[in-house]
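Undergrad: Here's the letter readout for the chains.
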Amino acid sequence: MINYFDNCATTRVDDDVLQILNKFFTEMYFNPSSLNKYSLEVARYIADARSRIANALGASSPSEIVFVSGGTEADNLALLGSPKRKNCNIVVGGAEHSAVYNTAMKLKNSGIDVRFCPVTTDGHTLTEDVAKLVDENTSLVAIMHVNNETGAVNDVKSIVSAVKKINPTALVFSDGVQAVGKIPVNLSNLGVDLYSFSGHKIHASKGTGCLYVRRRISLNPVLTGGGQESNLRSGTEYVGGIVSLAVAIEKAVASVEEHSRAFNRFKQIIADKLQEIPMCKVNCSEDVSPAIMSVAFAKIKSEVLMHMLENSDIIVGMGSACSSKNKHSRILSAISLDKDYIEGVVRISFSKYNTEEQVRYLAEKLKENVSLLRKTMGVRF
Amino acid sequence: MKVILIRYSEIHLKGNNRGFFENALINNIRHSLADKKYKLVKQSGRYVISEFEESEADSIVETVRNVFGVYSVSLADEVKSDYEEIKKSALAIAPESGTFKVVCNRADKRFPLNSMQLASSIGGDLLENNGKLSVDLHKPQHLVNIDVRENGKTFVFTNSIKGVNGMPVGTGGKGVLLLSGGIDSPVACYMMAKRGMSIRAIHFHSYPFTSLQAKEKVLTLAKILKKYTLHMTVDVVSFTEIQTAIHEKCPEEFMITIMRRFMMRIAERLAKKYSCGAIITGESLGQVASQTLESITSTNAVATLPVLRPLIGFDKDEIIEIAKRIDTFETSILPYEDCCTIFLPKNPVTKPRLDVVKRVESVLDIDALVEQALENVETIVV
Chain A
1 MINYFDNCAT TRVDDDVLQI LNKFFTEMYF NPSSLNKYSL EVARYIADAR
51 SRIANALGAS SPSEIVFVSG GTEADNLALL GSPKRKNCNI VVGGAEHSAV
101 YNTAMKLKNS GIDVRFCPVT TDGHTLTEDV AKLVDENTSL VAIMHVNNET
151 GAVNDVKSIV SAVKKINPTA LVFSDGVQAV GKIPVNLSNL GVDLYSFSGH
201 KIHASKGTGC LYVRRRISLN PVLTGGGQES NLRSGTEYVG GIVSLAVAIE
251 KAVASVEEHS RAFNRFKQII ADKLQEIPMC KVNCSEDVSP AIMSVAFAKI
301 KSEVLMHMLE NSDIIVGMGS ACSSKNKHSR ILSAISLDKD YIEGVVRISF
351 SKYNTEEQVR YLAEKLKENV SLLRKTMGVR F
Chain B
1 MKVILIRYSE IHLKGNNRGF FENALINNIR HSLADKKYKL VKQSGRYVIS
51 EFEESEADSI VETVRNVFGV YSVSLADEVK SDYEEIKKSA LAIAPESGTF
101 KVVCNRADKR FPLNSMQLAS SIGGDLLENN GKLSVDLHKP QHLVNIDVRE
151 NGKTFVFTNS IKGVNGMPVG TGGKGVLLLS GGIDSPVACY MMAKRGMSIR
201 AIHFHSYPFT SLQAKEKVLT LAKILKKYTL HMTVDVVSFT EIQTAIHEKC
251 PEEFMITIMR RFMMRIAERL AKKYSCGAII TGESLGQVAS QTLESITSTN
301 AVATLPVLRP LIGFDKDEII EIAKRIDTFE TSILPYEDCC TIFLPKNPVT
351 KPRLDVVKRV ESVLDIDALV EQALENVETI VV
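Here the protein sequences line up with chains A and B, keeping their order. So that you can map any letter, position 254 of the first sequence is 254 in our numbering, and since no number is skipped, the others follow by simple counting. So that you can map any letter, position 99 of the second sequence is 99 in our numbering, and since no number is skipped, the others follow by simple counting.
Note that these hints are calculated values from the structure, not bench results. Values in this document were obtained by computation on a predicted structure and should not be read as measured data. Any given hint might turn out to be false.
Derived CB-CB ranges, DEER-like [stated by the list, open to error]: (1) A:P184 x B:Q213: 33 to 43 angstroms; (2) A:T355 x B:S55: 56 to 66 angstroms; (3) B:A303 x A:G235: 38 to 48 angstroms; (4) B:L344 x A:R12: 51 to 61 angstroms; (5) A:I2 x B:V377: 57 to 67 angstroms.
No residue lacks a Cβ here, since even glycine has one placed at the ideal position from N, Cα and C.
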């Protein structure tokens, strides 16, 4: 059996989700835009899913939920599609996911003033740091809700209110890919204008996700075509994905508290074992998502540790899977991790399918392999 | 009828053994075109492919021009050796504008016009037909070739497409290539295959210090190289035990030199097992610490077979240029680390002395480590 602890990269699909997907792949495969009676039925399923998701996440209207193909597309639509005035600027968090960071860089290269906000050593973006960069010309502020590498939870609500105090017309966007279903999220309460999330991080299908667009905010579509999703996202809807996403979100949201308690217990088990390993540290331990634990081991390469663990059927992440092809994680550099530690960061992320027994096994194998690896590499403290 | 003319490169310089080279070339061309329907015949010092699907003409030309030993390829019209027929074909394939020259070759002396007369007459026809054309006998932009054969047929074609030259693979013996996954070793493979060598590759793999993706990358490179080598087998050797043993017992600065010596020993054993007469590496003099003359002397000392280093005098830029041309560059620069980059010493020795190297590695049970590595070779036919 695989002991899967890389649930920030992706998750196993929930059984209910799979059942719905099957039904829509084989029985309800109709195009919701066609004019036959079956199409009307699938269109109703989409409408129902939209209102269930809006409800589960505290949006004020189903029309605020736009279905897209996932987090990356939602982030692109938010950054590229939001209106920009002449001589405007954009404020972007310093530890954003590549989908936000690289899109911001694209805007920067097109001549827009993009201001990157510093992050704290545990990966948080502070309200006062954001406020310093916002002025009357700011069109958009993009600060992620939960950092995908350290698990740091940003105080999005206070960021929104600080930004709006300086410039009420500036839009605030938050990437909530690692937040929805992992920590409590109420969109109306957060006050954000735009908010992205993805299905496959919470046991729905890959290729599903949403951008929350607060009412009366008008975006320019990135994809044009048949005018689906109120003209914001053309392309035939992934109906089964959308319907099952609603189920996945409802299930995840309903059990956030219960899972948080379990995940915090898991973290404690690992933290206890880490006490027995010299020269290691947890990268973020306050205001952190219970689902993510980022641990840095001095003087080892996390890729090697990851391969050693996979030989014991344990899968963990190293930095972010999306950036593991790059030499150093941009985010780990942004949090100014000491050079002895920066290559040895392992990201452990939990899901509802993890058990305490698996976590104990992981903790034991971590200790064993870190020690073996340090011995092999001739590292002594 | 459309035909494809194939001219070979230096094979025509061969004497009594020319048949051997010609057979190898023809077999290699047939091997490359295994999935196509066509007829291939030899006609006075060149090969002619006919009876193929016209829609496949470009793909056949592209495939054949990449077979080593091929000098050039032309897509031609084959017509009856009759003036009107030749003229019709020449008009059809003539360029739309610019300067041109008609080149005639008359093997069939019964044809009523000699080469000069035929060239000037067809040239006149082309000029009359298209006012945008003009003749330039010295530096023409386009050629119109007319080849009157002895069998009553004539080939009419425009420019020839350059082939990759070299010698047919299989005529230059067999060699084992040290294939790392970097930029250089695939180019070294190409260079030796170009001189007719049959090649099988050895890859040293250091899982869990390197990823399975690194091995996959090497297999992808091997697949690309197969286009030139025609056959490709990769022997994947697990190198982890050897690397950790060196790391544990030998001075850090000698890590790479000793590692390279182990690679050579294993390569030689595999070479002999598979009747290969040479070891091929992608070394380029002075490129890195392990490629200085002193380092090469140290690694070379454990090999009895010739070690061929076709890139020894190449700059990195020149190697990259070839890598891009042979389509290996984009794969080579994928970021997965290969076994050379782990346990990398901060200050590797650049001028190792052979006697010192021998002394520092003598603490290792060299034979046992080599045997152990050879017992765990994974052979993959790509």
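Undergrad: Lying within 57 to 67 angstroms: is that true of the beta-carbon distance A:I2 to B:V377?
TA: Given a distance of about 28 angstroms, which is not inside 57 to 67 angstroms, the answer is violated.
Undergrad: For A:P184 and B:Q213, compare the CB-CB distance with the range 33 to 43 angstroms and indicate the outcome.
TA: The hinted range 33 to 43 angstroms holds for A:P184 and B:Q213, with Cβ atoms some 38 angstroms apart.
Undergrad: Could you tell me whether the CB distance from A:T355 to B:S55 stays inside 56 to 66 angstroms?
TA: Between A:T355 and B:S55, where Cβ atoms are some 59 angstroms apart, the hint holds.
Undergrad: Tell me if the beta carbons of B:A303 and A:G235 are separated by a distance inside 38 to 48 angstroms.
TA: violated (59 angstroms)
Undergrad: I want to verify a distance hint. Is the separation of the beta carbons of B:L344 and A:R12 within 51 to 61 angstroms?
TA: The hint (51 to 61 angstroms, Cβ to Cβ) is violated, given that B:L344 and A:R12 are roughly 38 angstroms apart.
Comparing the model with each earlier hint shows violations of hints 3, 4, 5; every other hint is respected.
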